[in-house]
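Number of protein chains: 2
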Amino acid sequence: VSETADPSHPFDQAIALEPLGEGRFKGHTSDAYWNFTGPFGGTTAAVLLNAAMLHPKRIGTPLALTANYCAPLAKGAFEIHVREVRTNRSTQHWAIELTQGEAGTTAFATAVFAERRPGFAHQPARAPKAPPPETVAPLPMRGMMAWLERYEFRFTHNAPQPPLPEPAAEPRDALTHMWVNDKPARALDFPSLAAIADSFFGRIFHVRQAFVPIGTVSITTYFHADAQDLAAVGSAPLLGVADASVFAKGYFDQKAELWSRAGQLIATSHQIVYFRG
Amino acid sequence: VSETADPSHPFDQAIALEPLGEGRFKGHTSDAYWNFTGPFGGTTAAVLLNAAMLHPKRIGTPLALTANYCAPLAKGAFEIHVREVRTNRSTQHWAIELTQGEAGTTAFATAVFAERRPGFAHQPARAPKAPPPETVAPLPMRGMMAWLERYEFRFTHNAPQPPLPEPAAEPRDALTHMWVNDKPARALDFPSLAAIADSFFGRIFHVRQAFVPIGTVSITTYFHADAQDLAAVGSAPLLGVADASVFAKGYFDQKAELWSRAGQLIATSHQIVYFRG
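In the order they appear, the protein sequences are chains R and Z.
Under the numbering used here, the residue at position 204 of the first sequence is numbered 204, and the numbers go up by one with no gaps.
Position in the second sequence (from 1) plus 277 gives the number in the numbering used here.
There could be a bad hint or two in this list.
[As the list claims (entries may be wrong)] Below, computed lysine-lysine pairings styled on DSBU-like, alpha-carbon distance capped at 35 angstroms:
no. : chain 1 : residue 1 : chain 2 : residue 2
1   : Z       : Lys334    : R       : Lys75
2   : Z       : Lys352    : R       : Lys57
3   : R       : Lys57     : R       : Lys75
4   : Z       : Lys303    : R       : Lys57
5   : R       : Lys57     : R       : Lys26
6   : Z       : Lys460    : Z       : Lys406
7   : R       : Lys129    : Z       : Lys406
8   : Z       : Lys334    : R       : Lys26
[Said to hold, decoys possible] Covered by chain R, according to a simulated footprint, are these stretches of chain Z (three or more residues, beta-carbon under 8 angstroms):
no. : stretch
9   : 340-351
10  : 395-405
11  : 484-497
12  : 516-527
13  : 539-549
[What the hints assert, rightly or not] Counterexamples of contact, computed for chain R against chain Z with all Cβ distances above 12 angstroms:
no. : residue
14  : Pro7
15  : Ala16
16  : Leu17
17  : Arg24
18  : Phe36
19  : His55
20  : Lys57
21  : Ala74
22  : Glu79
23  : Gly104
24  : Lys129
25  : Gly143
26  : Pro162
27  : Ile204
28  : Ser245
Hints in this document: simulated from the structure, not taken from any laboratory.
By construction, the Cβ of each residue, glycine as well, lies at the ideal position given by its N, Cα and C atoms.
Model the full structure from these sequences, guided by the hints.
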């Protein structure tokens with residue numbers, strides 16, 4: 001059932017789960033995707049989704065995933081419990097909870113799976129123009145947080161500027177365009193798509209041109225593609241568009257689109273992010 | 278704790294809950310907000326949120342709400358169970374589940390509450406220009422579904438056109454602007470905001486100019502305002518902007534913004550919707 005192409009890939013290791021029966025799975029945080037105070041949230045979302053994908057009663061493919069981050073995961077083992085909330089004819093609802101011993105629940109998610117079928121198709125949204133990824137150098141990432149080295153980010157609009165010692169007095173542009181792909185290359189599947197949806201830098205870094213402490217509180221991703229669409233993407237970069245609407249009272253929103261090179265909207269994603277400052 | 282201004286208002290009746298202890302509440306569907314095959318999803322989201330708001334351990338105000346609709350609610354009583362998943366210093370995570378006897382779980386939600394605090398403020402998004410609501414006639418709604426009569430919709434861009442007997446061959450514009458307010462008037466609070474976030478007509482009605490069966494599967498709303506901001510809005514209309522990115526394989530996404538007359542972005546919302554056709 002797992003879409004794992006290569007068990008030696010760090011992403012497959014990060015989302016690997018050992019079934020314990022009755023909807024319980026055991027997993028382990030990945031040093032290769034370590035972030036500042038815990039694992040990269042994208043891998044957490046991905047492993048939560050993967051637990052539902054691996055459930056023997058799963059039908060269809062992911063349609064919606066909401067991952068709530070309650071507290072930083074500690075380095076080490078975790079357990080995931082997947083509960084089948086309801087299965088209808090063509091849709092299925094899941095509640096997924098990640099616990100770490102006495103630390104209690106550190107992440108929980110809801111997911112909807114659906115059996116997709118052909119029908120009316122229309123895409124009012126359009127991908128922005130961008131130079132092909134081959135012509136854009138990836139952002140250098142060596143020596144920074146580990147998870148940043150698990151992706152190639154090729155910015156085509158509003159690349160991050162060197163951080164200022166103090167946040168910029170005047171807010172800068174929050175909108176960015178970038179090509180993004182796993183590093184090393186890996187064929188796109190639903191868990192990796194869920195992770196890539198969280199790979200955009202916090203908009204506040206772009207707007208204030210400075211590092212401030214942030215943490216995603218909740219992220220929701222909608223999958224507009226089926227397994228065949230993902231197979232067509234393969235390991236090619238996706239064009240990611242990210243922006244923010246508002247920074248207010250300690251939180252900002254972040255909205256993202258992920259486009260195939262062929263111009264198909266593969267996923268849309270939204271998150272609400274805590275920031276200090 | 279309830280923000281109920283007037284227990285005789287149909288919205289307050291629709292979200293009224295009787296505490297049963299240990300995070301359990303009893304509620305009842307509202308005929309005044311009846312939709313086609315069940316209650317208006319906005320009131321379901323609102324009553325799920327209200328259950329968390331009424332929980333004695335609740336801190337702060339709503340930051341994020343994801344409501345998943347598993348099956349249509351039957352007319353009559355329901356029970357809601359609110360579980361405090363985790364409480365941090367300034368944030369709190371909730372799991373909220375609505376059951377109807379042997380029908381099992383028909384809706385469940387996750388919510389994040391937060392104690393908001395002042396800090397960096399910036400609103401890159403801008404409200405679209407719109408004529409003032411006083412100058413726009415509400416869409417006539419008499420004799421249609423009951424919930425439509427609980428709001429005033431004053432379209433300022435792309436008002437719904439009379440449905441065609443067959444869907445339009447060429448897709449129409451999905452983007453709409455409308456002023457929206459409770460009818461009768463009611464001071465805005467978090468539950469009513471959660472409901473208004475779901476009051477936008479299915480984008481497929483605009484795009485195909487025809488009625489096709491639809492159903493929201495999951496809706497996520499981010500609250501960018503605190504109680505003081507909502508008090509400043511009072512019962513004034515909000516400017517609602519709604520659009521869709523893609524209709525594919527039986528589902529479309531719907532994204533919405535709700536603006537105060539003063540130009541403050543009060544909430545953003547996203548949903549994924551099943552459609553037939």
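Beyond 12 angstroms from every Cβ of chain Z: is that where the Cβ of R:Ser245 lies?
R:Ser245 not clear of chain Z: closest Cβ-Cβ about 4 angstroms, inside 12 angstroms.
If you draw a straight line from the CA of Z:Lys303 to the CA of R:Lys57, is it 35 angstroms or shorter?
The hint holds at about 31 angstroms.
Minimum C-beta separation from R:Lys57 to chain Z exceeding 12 angstroms: can you confirm that?
At about 15 angstroms from chain Z, R:Lys57 clears the 12 angstroms cut-off, so the statement holds.
Examine the stretch 516-527 of chain Z: at least three residues should have C-beta closer than 8 angstroms to a C-beta of chain R.
holds (count 8)
Between Z:Lys334 and R:Lys26, does the CA-CA distance stay at or below 35 angstroms?
holds, 31 angstroms
Sort out whether R:Lys75 lies within 35 angstroms of R:Lys57, counting only the CA atoms.
holds, 30 angstroms
Establish whether the coverage given for the stretch 484-497 of chain Z by chain R is satisfied; the threshold is a Cβ-Cβ distance below 8 angstroms, and no fewer than three residues must meet it.
With 5 residues in contact (Cβ-Cβ under 8 angstroms with chain R), the coverage given for the stretch 484-497 of chain Z holds.
Are all beta-carbon distances from R:Phe36 to chain Z longer than 12 angstroms?
R:Phe36 is indeed farther than 12 angstroms from all Cβ atoms of chain Z, at 17 angstroms.
Since R:Arg24 was said not to touch the interface, does its Cβ keep a gap of more than 12 angstroms from each Cβ of chain Z?
The assertion about R:Arg24 holds, with a minimum of 18 angstroms to chain Z.
Verify that the Cβ of R:Ala74 lies farther than 12 angstroms from every Cβ atom of chain Z, and report whether the claim holds or is violated.
It holds; R:Ala74 is separated from chain Z by about 14 angstroms at its closest Cβ, greater than 12 angstroms.
Hint consistency between R:Lys57 and R:Lys26 [alpha-carbon to alpha-carbon, up to 35 angstroms]
It holds: about 18 angstroms lies between the C-alpha atoms, which stays within 35 angstroms.
Coverage criterion applied to the stretch 395-405 of chain Z (partner chain R; beta-carbon cut 8 angstroms; 3 residues)
It holds, with 8 qualifying residues against the three required.
Comparing the model with each earlier hint shows violations of hints 23, 27, 28; every other hint is respected.
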